[in-house]
Amino acid sequence: MSEGGPITHVVKNSHYRHPEPFDREKLHKSIIAACLSSGTPTGHAESISRRVVDEVLVWLESRPEVTSNDLRRVAAQYLRPYHPDASYLYEHHHTTL
Amino acid sequence: MDTFTSLAIVAFAALIHASFQLSVSVLTLLSGHAIGAKKSHARVLRLTTSYTTGVGVMTLLILSFTSLIFLHAFGSEIPLLVWALVCGLVLGIGIAVWLFYYRRGTEGTELWIPRSFAKFLNTRSKKTHQGAEAFSLGLTSVVAELVFIIPTVAIAALVLIDLPAEWQLVGIGIYTLISLLGLLIVWVLIGKGQSLARIQKWRVTNKRFLQFSSGSALIVLGFFVYVSKILATFTGAQ
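Those sequence lines, one after another, are chains A and B.
Going by our numbering, the first sequence opens with residue 264, and the numbers climb by one from there.
Going by our numbering, the second sequence opens with residue 865, and the numbers climb by one from there.
You may find that some hints are simply not true.
[Claimed, not checked] Some but not every residue of chain B turned toward chain A, in silico, with C-beta under 8 Å:
id, residue
1, THR892
2, ILE899
3, GLU971
4, ASN986
5, THR987
6, ILE1049
7, VAL1052
8, ALA1096
[Claimed, not checked] Under the rule of at most 25 Å between Cα atoms (straight-line distance), these lysine-lysine pairs were calculated in the PhoX-like manner:
id, chain 1, residue 1, chain 2, residue 2
9, A, LYS275, B, LYS903
10, B, LYS902, B, LYS1071
11, B, LYS1071, A, LYS289
To be clear, the hints were calculated from the coordinates, so they are not data collected in a lab.
For glycine and all other residues, C-beta sits at the position ideal for the given N, C-alpha and C.
Using the sequences and the hints given, assemble the complete structure.
Given below as structure tokens:
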């Protein structure tokens, strides 16, 4: 994790890229983007995103390394109760094309 | 073939072209990235309009270019062998669409195109901020879809060069407009502020139906042209 505790590394899908430290801001922005694409007003999207990121941070506490797919799946799972459409977009974004 | 039948074949080929999903997928990604980046609705609309225009221009250019190649290679009297080859291509791609159009084992609308193409289009749609970039993304997405649209373009080109000159332009216009139908529907929905998740869910739910109808329509088209051109010539009906 990025604040105070041990750093969690994210293993990327591409074999050519090294694992990188978990970036809270990157996750926050990607969840906001999914909410906005589902028609959520900006303020609401930011508040949903903050709550989801907090829940993901708790999940990450005991994990020194996670894959980007795991991170996506878990974030989508935490997002679902707040906004099912955004969660759907977030989880399936990479299978659109 | 009379003019009406020829134009009907061109329209049907264009309708099959419209059922292919790559351009729609890229439009969905483009608008998703633009909305996610907090661009204004007017800006999103400008990007999607430029993209759709790019797709239309490239479709028109590819159809005109293919017609020109056929015209230069064979003149206005196309040998029956060429008709037979194109009909075979249409039938073959029709069966391939049945079998391979969507990638197996994925829940989304991932298409059977090289992953490098898909990755490139995905990255470009994310980095597109200007109308001109969206326009060129539209041009590129038609090229990426060539493997599926070759048969419809080839049939339409063969039929078009059989027509009188004034009807050829009408035919090219009809093909371009009808081939954009699917894209125009999604463009209107995005313009009206429809949720992208709902559009994507609809596409995922109906993907097998779209795949089956595209493949079947290609087979019907190939068979119809084979009968109305080749068999009719052999039997003296034409």
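Status of the hints after comparison with the structure:
Annotation: interface hint on THR892 of chain B holds; nearest CB of chain A at approximately 6 Å, less than 8 Å. The beta carbon of ILE899 of chain B comes within 5 Å of a beta carbon in chain A, closer than 8 Å, and the hint placing it at the interface holds. Contact between GLU971 of chain B and chain A, as hinted, is supported at the beta carbon level, the nearest pair being about 6 Å apart and thus within 8 Å. Below 8 Å, beta-carbon pairs count as interface contacts, and ASN986 of chain B has one with chain A at about 6 Å; its hint therefore holds.
A least Cβ separation of about 11 Å between THR987 of chain B and chain A goes past the 8 Å threshold, and the interface hint is therefore violated. A hinted interface residue such as ILE1049 of chain B counts as satisfied when its beta carbon comes closer than 8 Å to some beta carbon of chain A; here the least separation is about 17 Å, so the hint is violated. Evaluation of the VAL1052 of chain B hint against chain A yields a violated restraint, the C-beta minimum of about 16 Å exceeding 8 Å. Proximity of ALA1096 of chain B to chain A is violated relative to the hint, the smallest CB-CB distance being about 41 Å (cut-off 8 Å).
With a C-alpha separation of about 28 Å, the suggested pair LYS275 of chain A and LYS903 of chain B falls outside the 25 Å cut-off, and the hint is violated. In summary, the hint linking LYS902 of chain B to LYS1071 of chain B is not supported, as the alpha carbons are separated by about 30 Å, beyond the 25 Å threshold. At most 25 Å may separate the alpha-carbon atoms for a hinted pair to count; LYS1071 of chain B and LYS289 of chain A exceed this at roughly 32 Å.
Checked against the numbered hints given earlier, the structure breaks hints 5, 6, 7, 8, 9, 10, 11 and satisfies all the rest.
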